[in-house]
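Chemist: One-letter residues, chain by chain:
2 protein chains.
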Amino acid sequence: MTAEVEVREVAQRARVASRSLALATRAEKDATLHAMADALLARADEILAGNAEDVARAEADGTPPNIIDRLRLTADRLEGMAQGLRDVAGLADPVGEVVRGSILANGLELRQVRVPFGVVGMIYEARPNVTADAAGICLKSGNAVLLRGSSSARSSNAAIVAVLRDAVAASGLDPDVVQLVPGDSHDSVKALMRARGLVDVLIPRGGAGLIQSVVNDSTVPVIETGVGNCHVYVDRAADLDKAVAIVLNAKTHRSSVCNAAESLLVHADVAEELLPRVVAALQEAGVTIHGDDAFAGYDGVLAATDEDWAQEYLSLDIAARVVPDLDAALEHIRTWSSGHTDAIVTEDQGAARRFVAEVDSAAVLVNASTRFTDGGEFGFGAEIGISTQKLHARGPMGLPEMTSTKYVVIGDGHVR
Amino acid sequence: MTAEVEVREVAQRARVASRSLALATRAEKDATLHAMADALLARADEILAGNAEDVARAEADGTPPNIIDRLRLTADRLEGMAQGLRDVAGLADPVGEVVRGSILANGLELRQVRVPFGVVGMIYEARPNVTADAAGICLKSGNAVLLRGSSSARSSNAAIVAVLRDAVAASGLDPDVVQLVPGDSHDSVKALMRARGLVDVLIPRGGAGLIQSVVNDSTVPVIETGVGNCHVYVDRAADLDKAVAIVLNAKTHRSSVCNAAESLLVHADVAEELLPRVVAALQEAGVTIHGDDAFAGYDGVLAATDEDWAQEYLSLDIAARVVPDLDAALEHIRTWSSGHTDAIVTEDQGAARRFVAEVDSAAVLVNASTRFTDGGEFGFGAEIGISTQKLHARGPMGLPEMTSTKYVVIGDGHVR
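Quick mapping for you: the protein sequence lines, in order, are chains A and B. Just so it is clear: in the first sequence, position 233 is 233 by full-length UniProt numbering, and no numbers are missing. Just so it is clear: in the second sequence, position 292 is 292 by full-length UniProt numbering, and no numbers are missing.
Think of the hints as simulated: they come from the structure by calculation, not from any bench. Check before you lean on any hint, since a few could be wrong.
Identical chains blur together in the list; that is why a pair holds if it fits in one copy or across any two.
To be verified - Listed below are the simulated SDA-like cross-link pairs for lysine to any residue, each with C-alpha atoms no more than 20 Å apart in a straight line: (1) Lys242 to Arg416; (2) Lys190 to Ser150; (3) Lys190 to Pro94; (4) Lys242 to Gly107; (5) Lys242 to Pro94; (6) Lys242 to Glu109; (7) Lys242 to Asp184; (8) Lys242 to Asp412; (9) Lys190 to Ala280; (10) Lys190 to Val356; (11) Lys190 to Ala281; (12) Lys242 to Ile410; (13) Lys242 to Glu97; (14) Lys242 to Glu347; (15) Lys242 to Val415; (16) Lys190 to Ala245; (17) Lys190 to Ala310; (18) Lys190 to Gln311; (19) Lys190 to Asp217; (20) Lys190 to Asn216; (21) Lys190 to Glu46; (22) Lys242 to Asp269; (23) Lys242 to Asp87; (24) Lys190 to Glu9; (25) Lys190 to Thr219.
Treat the numbers as computed from the prediction; the structure is a model and nothing was measured.
The following block holds chain A by itself, in its conformation from the complex:
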């Protein structure tokens, strides 16, 4: 069988299974999520054995240790995956929520209610915990899910999905609501991207290359996630203690994630006072600064090029520049930001107001670290990714973002 035929076959089964899942009650879905969590722990040996195969293969291939660390599962990490499923069970069911409703002038009752998409395709890299997270969030939001992880995690993902499917079936739901996309080749990814009509939405999670290729080649609607070239702009009217703390936190709290700061902009009026402090604080934390001329005067600062302004380092590096005014900061952000998260540090209400209005990003922060752009921090309880597109969802996506809506109109023989 070709990859296309295989993929369309699993997608078709997912489509059929999604119909009964869409009608499942919250109680049924929550019981299933708890059963999935129990099964992950009860059958930890199988999952860890599968994972050990992936780790051994990666080591034999000379994979760098930090990537192997992401790939590796432990009893603790399995416990975390199980807890994640239980947390999703604790969240409100988005399906059936009435988004708006009214009685029209002619007496028709109008309601807009949340319904599942149907079938969601996830294309993701590295971490096998995404497999359980995505299965849980999709199940709770009433969607069947087709999972296409990276081939480096194939044994882990196969083991996890086998365990989850058994738990789903034992709970009385159709196990085809959770399926792996068969095949390891790029052909199977391509087939998934072309399964318009069978798959309702594709969510790629991973590096910029993966996301761009899905966005360009997919005929299935895509929700673009995650590339973050995030800025912190320290305004003329900034409290410099807050500024140093925010820059340091935004850059170093966890540098490998999309909401870490990658660029620092400083208003010229505070440069003389701020630069020595912020350079010292960053360098002490092990950060390499790629700076403009003003920054390059400090020991250890590398000279920045346009490439640095564009860069999502995902490492302990930061681009840094002094700007003459707020307008120049806004212009820099307009030119280089990826539209994920940008922050201003200022005590000036007018500057904050302009920054919030004019920066066109999924999240715009005042006097807070970029690291707060996160479904957990925002109180959504679970997050399938952070959308950087404007259609459908923008910013952290929780359960409601995993649904569509339908209009329900009740009359009593109404005609026009």
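Put chain B on the given structure of chain A with help from the hints.
Modeler: Using the frame of chain A, we list chain B on its own:
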């Protein structure tokens, strides 16, 4: 210049203009909308002269009279276009609406607020009134718009856009928020579909062929609109007087539009009583019935094929079938519906509940004509189209559907 260069140039100008429009106040936008309405009437002669050229060309080309009627503008129709702009001015501004907001446990203030998309591309057919409607809705929702009407209406559209741009400029806004896409060839449509990054969303309005080609070829995100193969299912527990009235209204009130009924399903238990009545009522109204064996027993009913179940006639034709039960009706709708609007006629609460839950369409109606799926009828005040996709917007799209959102987070030196 190639079409691509030309289109990218206007899109770039629209992008720049969209930035100031996004910051315009409601008062500024409403004053501009009234100025646009005034200008349409004050310069009616220019517009009617442009339209006369299009009509003359269409007549010389042997265009059918009903298409020419759609193309033709009159003083009355211009008055309607102007009134449409004034109506949009009267609607609430979606920009800045707080969709949700809270204070997080750590004291961060979180708000999700509506913001414009930026630049919207409209690709549409025939009627020149869409040019003014789309310009008004986009302006009010803070979006610059690139208009690509059909070449048969090119002189009308050029005249309308020239008048509207002058009015926008006289009101103090950048006239590049309303622009025609240059060029008449398909190359310019293609360039618009590939202007990802410059154009935020494309909305095709027209026949199934146009919409499919945009959906397949566009790298810019698309909101799919309008194809309607709408069903009316008359249940065993239907009130047959209501059923006849609803079927007749859904089919004949205006047969050329997407929310007209195209298929009739009748429960076998009421077929004997209903069929003679509904066949007589439809035929009296000039409707041609394409029926299954049960319907084909009546004089003048044509035998239906699978093509009829799939058909969006947009004419005084209807496909008709007797089904053994509700399950068969649901299965027929699942197989053939375009997911626009489907209606059940029943007095049985259980049947209504199942139909509403299981029919996966943008609008599901109980005891009401399919003709109610409409932005005006739903009380939205203005409608840019009816989305039949699940991402972003589903069903009639008013002003809020023409926006994205952004998260605004206010702290006081918050770090993680």
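Chemist: Next step is simple, just say for each hint if it's right about the structure.
Modeler: Structure-based check of each hint:
Only between protomers do Lys242 and Arg416 lie at most 20 Å apart by alpha-carbon distance; the minimum there is 13 Å, versus 62 Å within a single protomer. In this assembly of identical chains, the alpha carbons of Lys190 and Ser150 lie at most 20 Å apart only when taken from the same copy (14 Å versus 34 Å across copies). Proximity of Lys190 to Pro94 under the C-alpha cut-off of 20 Å is found in neither arrangement, the shortest distances being 31 Å within a copy and 38 Å between copies. With identical chains, the CA atoms of Lys242 and Gly107 are at most 20 Å apart between copies only, with a shortest distance of 16 Å across copies and 56 Å within one.
In the homo-oligomer, the alpha carbons of Lys242 and Pro94 never lie at most 20 Å apart, since the shortest distance is 38 Å inside one protomer and 34 Å across protomers. Taking CA atoms no more than 20 Å apart as the test, Lys242 paired with Glu109 passes between copies only; the shortest distance there is 17 Å, against 52 Å inside one copy. In the homo-oligomer, the alpha carbons of Lys242 and Asp184 never lie at most 20 Å apart, since the shortest distance is 48 Å inside one protomer and 56 Å across protomers. Taking identical chains as interchangeable, the C-alpha atoms of Lys242 and Asp412 lie at most 20 Å apart only when they sit on different chains, with a minimum of 8 Å there against 62 Å within one chain.
For the identical chains of this complex, Lys190 and Ala280 are neighbours neither inside a copy (48 Å) nor across copies (52 Å), given an alpha-carbon limit of 20 Å. Taking CA atoms no more than 20 Å apart as the test, Lys190 paired with Val356 passes in neither setting, with 39 Å inside one copy and 35 Å between copies. Proximity of Lys190 to Ala281 under the C-alpha cut-off of 20 Å is found in neither arrangement, the shortest distances being 46 Å within a copy and 51 Å between copies. In this assembly of identical chains, the alpha carbons of Lys242 and Ile410 lie at most 20 Å apart only when taken from different copies (13 Å versus 55 Å within one copy).
For the homomeric pair Lys242 and Glu97, neither the shortest alpha-carbon distance inside one copy (40 Å) nor that between copies (30 Å) is at most 20 Å. Taking identical chains as interchangeable, the C-alpha atoms of Lys242 and Glu347 lie at most 20 Å apart only when both belong to the same chain, with a minimum of 10 Å there against 65 Å between chains. For a Cα distance limit of 20 Å, the shortest separation of Lys242 from Val415 across copies, 9 Å, qualifies, whereas the shortest one inside one copy, 63 Å, does not. Within a single copy, Lys190 and Ala245 get their C-alpha atoms no closer than 45 Å, and across copies no closer than 49 Å, so neither meets the 20 Å cut-off.
For the identical chains of this complex, Lys190 and Ala310 are neighbours neither inside a copy (29 Å) nor across copies (29 Å), given an alpha-carbon limit of 20 Å. Taking CA atoms no more than 20 Å apart as the test, Lys190 paired with Gln311 passes in neither setting, with 28 Å inside one copy and 31 Å between copies. Taking the closest pair of Cα atoms, Lys190 and Asp217 come within 20 Å of each other both inside a single copy (8 Å) and across two copies (16 Å). In this assembly of identical chains, the alpha carbons of Lys190 and Asn216 lie at most 20 Å apart whether taken from the same copy (11 Å) or from different copies (15 Å).
For the identical chains of this complex, Lys190 and Glu46 are neighbours neither inside a copy (30 Å) nor across copies (52 Å), given an alpha-carbon limit of 20 Å. In this homomeric assembly, Lys242 and Asp269 come within 20 Å of each other (Cα to Cα) only inside a single copy, at 17 Å, whereas the closest approach across copies is 75 Å. Proximity of Lys242 and Asp87 under a CA criterion of 20 Å is satisfied in neither setting, with 33 Å inside one chain copy and 48 Å between copies. For the homomeric pair Lys190 and Glu9, the shortest alpha-carbon distance inside one copy (14 Å) is at most 20 Å, but the shortest distance between copies (33 Å) is not.
In this assembly of identical chains, Lys190 and Thr219 lie within 20 Å of each other by CA distance both inside one copy and across copies; the values are 10 Å within and 16 Å between.
Hints 3, 5, 7, 9, 10, 11, 13, 16, 17, 18, 21, 23 from the earlier list are contradicted by this structure; the remaining hints agree with it.
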